[in-house]
Every structure is written in C-alpha cells, then in structure tokens.
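Converting from the sequence shown to our numbering requires adding 91 to each position, the first position being numbered 1.
You may find that some hints are simply not true.
What the hints assert, rightly or not - Heads up, simulated SDA-like pairs for lysine to any residue below, C-alpha to C-alpha not over 20 Å straight-line:
no., residue 1, residue 2
1, K280, A339
2, K93, D132
3, K233, G244
4, K233, G116
5, K276, V229
Claimed, not checked - Have a look at the derived ranges for each label pair, beta carbon to beta carbon:
no., residue 1, residue 2, range
6, S270, L162, 46 to 54 Å
7, G451, D371, 45 to 53 Å
8, G188, A263, 22 to 30 Å
9, R324, D132, 54 to 62 Å
10, G337, G244, 31 to 39 Å
11, R324, P277, 25 to 33 Å
12, E405, E456, 40 to 48 Å
13, G188, Q343, 30 to 38 Å
14, F447, E405, 35 to 43 Å
15, D171, T452, 44 to 52 Å
16, A118, G244, 15 to 23 Å
17, L162, V374, 27 to 35 Å
18, G188, E456, 35 to 43 Å
19, V112, Q320, 37 to 45 Å
These aren't lab readings, by the way, just hints derived from the structure by calculation.
From the three backbone atoms N, C-alpha and C, an ideal C-beta is built for every residue, glycine too.
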Amino acid sequence: MKITRIRIFQTDLPYVGGEYVWGAGNAINVAQASVVVIDTDAGLQGCGEFTPCGENYMVAHSEGVPALARLIAPHLLGEDPCNVARIEQVMDHLVQGHGYAKSAFDAACWDLLGQSLNAPLWAVWGGKLTDGAPMYRVAPQKGTSETIAEMEGYRAQGYRQFQIKVGGDWAADIDRIRSTVPLLKPGEKAMADANQGWRVDNAIRVARATHDLDYILEQPCRTYAECLQVRARTDLPMKLDECVTGMAVAQQIVADRAAELVCLKISNLGGLSKARRVRDYLVENRIPVVAEDTWGGEITSAALAHFAATTPPEYLHNTTDLMNYNTRSTGIGGPEARDGKLYATNTPGLGVAADFDSLGTPVEEFVQ
92 MKITRIRIFQ
102 TDLPYVGGEY
112 VWGAGNAINV
122 AQASVVVIDT
132 DAGLQGCGEF
142 TPCGENYMVA
152 HSEGVPALAR
162 LIAPHLLGED
172 PCNVARIEQV
182 MDHLVQGHGY
192 AKSAFDAACW
202 DLLGQSLNAP
212 LWAVWGGKLT
222 DGAPMYRVAP
232 QKGTSETIAE
242 MEGYRAQGYR
252 QFQIKVGGDW
262 AADIDRIRST
272 VPLLKPGEKA
282 MADANQGWRV
292 DNAIRVARAT
302 HDLDYILEQP
312 CRTYAECLQV
322 RARTDLPMKL
332 DECVTGMAVA
342 QQIVADRAAE
352 LVCLKISNLG
362 GLSKARRVRD
372 YLVENRIPVV
382 AEDTWGGEIT
392 SAALAHFAAT
402 TPPEYLHNTT
412 DLMNYNTRST
422 GIGGPEARDG
432 KLYATNTPGL
442 GVAADFDSLG
452 TPVEEFVQ
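Using the sequences provided together with the hints, build the complete structure.
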C-alpha cells in the first residue's frame, strides 16, 4: 500500500457550554481542529486530528499542522502508511519536535493499518483490556452554583469523576474546592485542575487550606520543578499533566515519585506511537494514567477510546468524551459514550471517517 494523496482540513469546534474557562484567566469559545486525511492506492482512507485548546495553552497552535504538512507531506507520498514506525522515523528526521502536529499523521497511519488488517485499532495493539473506560467531565470556572448545577447534570448522565477548574485567584479557588468536593457522592472522584495557573506560594496556600478534603491536585504550576516544590509541602495526591511531554519526563516522574497520577495527552507526547510507549513505561512502574488530549472531535475521541481500551483497568484512572464538548463534528462514527464510560468501536482502524460536510474544502493538498 502506498500513500497517494494527503489533505489537510480545518474547521471550528464551538464549545457546547458557550465559554470554557481554565487556569490563569484563559478562555475559549471555539477551538480550531486540523484533520489529516491520507488516501492510498489500495482505496483505503485514514484520518487523524489535532485540536489545541486555544493558541496559548501549550507549546502548540492551530496553524502547526498545515505548516508541518508543507514540510513532510511531499516526503510521505509513496510511503507505506502501514509501516507506522517508518513514518514516525521519517517525520522525526525531517522536523525536530512539533509532535502535536505529527500526531494527526501518526493517527491516520494507524487508522490505515487497522483497516488493512480488517481489525479495530485496539485489536492491532494486542487486545482490549478495558471494555468501557471511565470518563470524567469538566466543570469550567463559573460561579459556585453554576458549577454545582453542571456537576448534577453530568451525574445524571452517568459521570462519576469531575474535573473542577481552578488556577485563578487562589482565595476564590479555595472556596471553589471547599464548595464542590464535599458534595461528591460515594464512589465519585474529583480533580482540582489549576492548568499551571498558580505560583508556587499560592498553590501551597490552596493545598494547606484544603488538605482535609479527598481530591487530587492537578498540575498546580507551570513547570515540573515548581510542581515538585508544591508536592514537598502537601500530602494531597498529585496529578501531572501539561509538563508531561515525553519519555524523559516520565522517567523523571518515576525516579522522583513525583505524582500518583499522570495525564497522557496524546498530541503533547507526539502521537499514539510515542504515547503508547510512555503509557507502558508508567504502567510498568505502577503509576496510573489518564487517556486524554488537548481538545478534539470524533477523530481525536476515537484515538483516545482505543488508547484507553488497551490500558489495564487498574491503571486507567479515566478518559473523556471530547466529541461531546462541541456543537460541530470532525468525524462520522467513532466511540460511544454511555453511562459515564467510553467504548471503543469494533470497526476496523480508528472506526471513524472524516466528516467532509463539516470540514469543507482542504487548506492544503499534496498528490503523488
């Protein structure tokens, strides 16, 4: 099988809740998705997606995929997409870094490999370990009464894990945590996610003021070193997220025992190929993980579902249904969210097709 055409599409994904607010005063109403569609001489078509949560959330932006495509797509034409390791090697040789943009190409090739084998991606990766991954849902920064109402609504839909957004004014964040965490029902879990928003001193203040509550403190500060400094001053369980960018950080986390939980954003790690290696390393070292990405529609959610399904259940803390965060789609088909769990499809490959009606015309096209 050979790659004969690569197209890049972009579309806006409006947030279903209107405004999505997180740490340090950041907010978005719309995220811009980039979708890679790869056609082959075998008549198969694969797709992958990258969608940032705004332009300044991480070292990634919405124009990265088209820009990367102009550099790497001419070299991928004629390659066998089923040789995923070779594709990964070619991309990394041509351009250092920018793994977030490469992740969409990586996913599209995995999609094609699964289709060529007539097997869902979870089967290609060795089999399903988790049939129905537990999901969390985000409660963005709003008034306390609005947040509580949102949590009640999600609870009625079957969600049992909640991510409470903090990371702004530390005193208000203390009130926010103390007003929501005690309302958890038996068996429910909460993460107070600062999204890198606090200074070290303010993170310590929040941790001290809420130390009696049962919740997970998530990425309180921007850097790994700062989070480690906070960890030394609190006995709250800690989850690291945005600073987890690859195997080197994962190895440091294990060496320092720096977290009880690690969030694996597929694009932040450079794609499914690299994310699987990091996940397996952390699981081998008995650290649970979250299967996640920065944002996305049906295509990203499909990748997450297969990633979660191939994670041992005792080491999979949760995942999320990103496709339900938007009022517009990137794909047709994909995983099913039901009763608070995400189920990977049995359809070959990712099990999702690009929604061309939503995506419109390509912004870049490369033909052999």
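Hint check:
Between the alpha carbons of K280 and A339 the distance comes to roughly 29 Å, so the proposed pair goes past 20 Å and is violated. In summary, the hint linking K93 to D132 is supported, as the alpha carbons are separated by about 6 Å, within the 20 Å threshold. As the CA atoms of K233 and G244 are separated by approximately 15 Å, the hinted pair is consistent with the 20 Å bound. This hinted pair checks out: K233 and G116 have alpha carbons roughly 12 Å apart, not beyond 20 Å.
Annotation: proposed proximity of K276 to V229 holds, straight-line Cα distance about 17 Å (limit 20 Å). The hinted window of 46 to 54 Å between S270 and L162 holds, with their beta carbons roughly 49 Å apart. Evaluation of the 45 to 53 Å hint for G451 and D371 yields a failure: the beta carbon distance comes to about 38 Å. Distance hint check for G188 and A263: the Cβ-Cβ separation is about 36 Å, which falls outside the suggested range of 22 to 30 Å.
Checked against the hint of 54 to 62 Å, the pair R324 and D132 passes, with Cβ atoms roughly 59 Å apart. Judged by the Cβ atoms, the range 31 to 39 Å given for G337 and G244 holds: they are separated by roughly 36 Å. One distance hint, 25 to 33 Å for the beta-carbon pair R324 and P277, holds here, with the actual separation near 30 Å. A hinted range of 40 to 48 Å holds for the C-beta pair E405 and E456, which are about 45 Å apart.
At about 19 Å, the beta-carbon gap between G188 and Q343 misses the expected band of 30 to 38 Å. For the pair F447 and E405, the beta carbons lie near 40 Å from each other, so the given range of 35 to 43 Å is met. Between D171 and T452 the C-beta distance comes to about 28 Å, which lies outside the given range of 44 to 52 Å. The hint said 15 to 23 Å for the Cβ distance between A118 and G244, and at roughly 21 Å that hint holds.
Evaluation of the 27 to 35 Å hint for L162 and V374 yields a pass: the beta carbon distance comes to about 34 Å. For G188 paired with E456, a C-beta distance near 25 Å fails the hint of 35 to 43 Å. Range check, V112 to Q320: Cβ separation about 26 Å, and the 37 to 45 Å hint is violated.
The structure is inconsistent with the numbered hints 1, 7, 8, 13, 15, 18, 19, although it conforms to all the rest.
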